[in-house]
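Following the hints, complete the assembly by docking chains B and C onto the known chain A.
So you can see what is in the structure, the chains are spelled out below.
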Amino acid sequence: MTDDRTETAAGDGPATETAAVETPLAERIEAILLIIDEPIGLVALAAAVGAPVPAVRQTVASLVDDYDGRGAGPRRGFELREVGGGWRLYAREDHDDLIADFVGGQAPARLSQAALETLAVIAYKQPVTRSQVASIRAVNVDSVVRTLLARGLITELFADSETGAINYGTTDALLQHLGINSIDELPPISPLLDDGADGFDEGALR
Amino acid sequence: MTDDRTETAAGDGPATETAAVETPLAERIEAILLIIDEPIGLVALAAAVGAPVPAVRQTVASLVDDYDGRGAGPRRGFELREVGGGWRLYAREDHDDLIADFVGGQAPARLSQAALETLAVIAYKQPVTRSQVASIRAVNVDSVVRTLLARGLITELFADSETGAINYGTTDALLQHLGINSIDELPPISPLLDDGADGFDEGALR
Amino acid sequence: MAPSPDPTVSPDDASPADASVEASDPGFRVSLSNFDGPFDLLLTLISKHEMDITEVSLSAVTNEFIAYLAALDGDEELDQASEFLVVAATLLDMKVAGLLPQGELVDAEAVALLEARDLLFARLLQYRAFKEVSAWFSRCLQREDRRHARAVRLDEKHRRKTPELAWSLSVDDFAALALLAFAPKEMPHVGLDHLHAPLVSIREQAAIVVTILRGTEAVSFRELVAGVTEPGIVVARFISVLELYRHAALSFEQLEPLGELTLRWAADSWSDETLATLGADYDR
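Protein chains in written order, with my numbering: chain A, 12 to 217; chain B, 12 to 217; chain C, 19 to 302.
The following block holds chain A by itself, in its conformation from the complex (with noise of 0.2 angstroms):
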């Protein structure tokens, strides 16, 4: 996945790294790093950023220190934190409670129209995976599945063996909000979504 056009683009020579928060590979390490939902490994970082993976540990390394006040500019609110081999930007643990209160002061959450059709979608679907899901609902679901993700209600099945895609399915917290003991007990909906399911959702029958 190197990006040469990238590398070109940047022209940030080995030689030039060791200043590496100065060059442009610590904005585009960064630019990975804000991101990214699961901590990254320096090997796919590197990957990501079109750098050798010594240049990236380093640059990584100053970032760490940047972040943490040891560099040109103040602390910052975030830190860079290694977490099961891999690296990913967390607010400063400082803030853990201006957090926790920013958090529990919201409203209480309703789930949009857009997520709970999405919820519904894999309730009946499932195992399915996002691109089923977003082709179902015709927009992209990306950040519906988050949602959906860090309120329990949805969980990661398995990964496609083929294509690695992940399947999702409903968790039991679904089931506690529908007041029911198993998917099974979802009323059934028309036969006529899964024998012709394909047709109808690509069809002109509208």
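Just so you know, the hints here were simulated from the structure itself, not pulled from any lab data.
Here are some, though not all, of the chain C residues that point toward chain A, as calculated from beta-carbon distances under 7 angstroms:
hint: 1; residue: K179
hint: 2; residue: V189
hint: 3; residue: A193
hint: 4; residue: L197
Even for Gly, the Cβ is constructed at its ideal location relative to N, Cα and C.
Same frame as chain A, but now just chains B and C:
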């Protein structure tokens, strides 16, 4: 929602807050920014970090500068943007291709021309009913409106007290998708429109 | 290139001298006795009162447009076609208003406010303004699609602090939501609803189908819809046939593709109560 404890612990009185980036207020703001997954408005942010809104506004502005490389430290791989009525961390635009390669996945489905035009009508005319939109577009917009609803770009605002017709408006999510902060940032459209427009919407032309 | 029989109709072949100009304007062009140029320009002229709408042959424009469409495909065709429908409908209204100063389509009060034609011009302009600004929407949406905001799941330790989810759906509500979610989304189609087609009840049509079928040995679908002129009723009867088949209430045979569809009543036990829920999937 002011949090006295944090305020005390942080110990940054208003007097020191002009050098905001160096104070713990900036750290607290960063901690909150790191954990949110929606833009956060200044007022909510101020409540979350237990500081007055003006101080928070100033600190946010200095963080924007700081991340853009106009502070003490290097430019960051992320940036702080004001979209959809609040502030949120984004990977810096320069690295979008890198991240796209990294996260892979399919590009979100584009909206059809019909959906774009319907969205434009709703954005400028809100609150507006489906039949009013249809009369401007001169075609039926039901399925397009459903798509826009499903994508969370528009929402049902209220039902007309007389006719029961549902009035639609745009959502903050639309603003985020457009990368703007408020509906006021829509480009102006011909002043001609407003002159004749009212006559149309209520007229019996159709 | 547009497979147009008449070279004067085919925009890009018409005048090679203009080729460079036309190359930058791939849109629909029209050649009429009193106008030759991009369709957009025609609209502009009409809207500026520089051309009289009553002088424009709408049928000629339509013929040309159909020939033009034949050379397009896919989404482009759909977009162009829908745009043309909008504009043609407006032209038609303008013509009506132009021909009939007190056009019957025009509300008397509206006429009092504005001359009908101005109203229609304004409508056209309004539509075009929204169409133009939709390009801005498209640009912004595409640009922003490429951006990546931080949207990361809360750490487990913070997640436990989040307030309980407010849940108000019963299991039946949830199933109804599932039906809604599985319903096909946007379909490329030309909307007909604005023609105010009367709503057709599948149940009523099913009742008719049941009555006919039970009273006879076998009936073809053609006979079942004989004399029906309303397409919605034909569709509803067909759907009710499918629904009854699902309930094993009838059998059908078709000897060859697209051949005659012969229907036979086949229910062992039939309760008219079944009719009450028939086609519930189509409710909403």
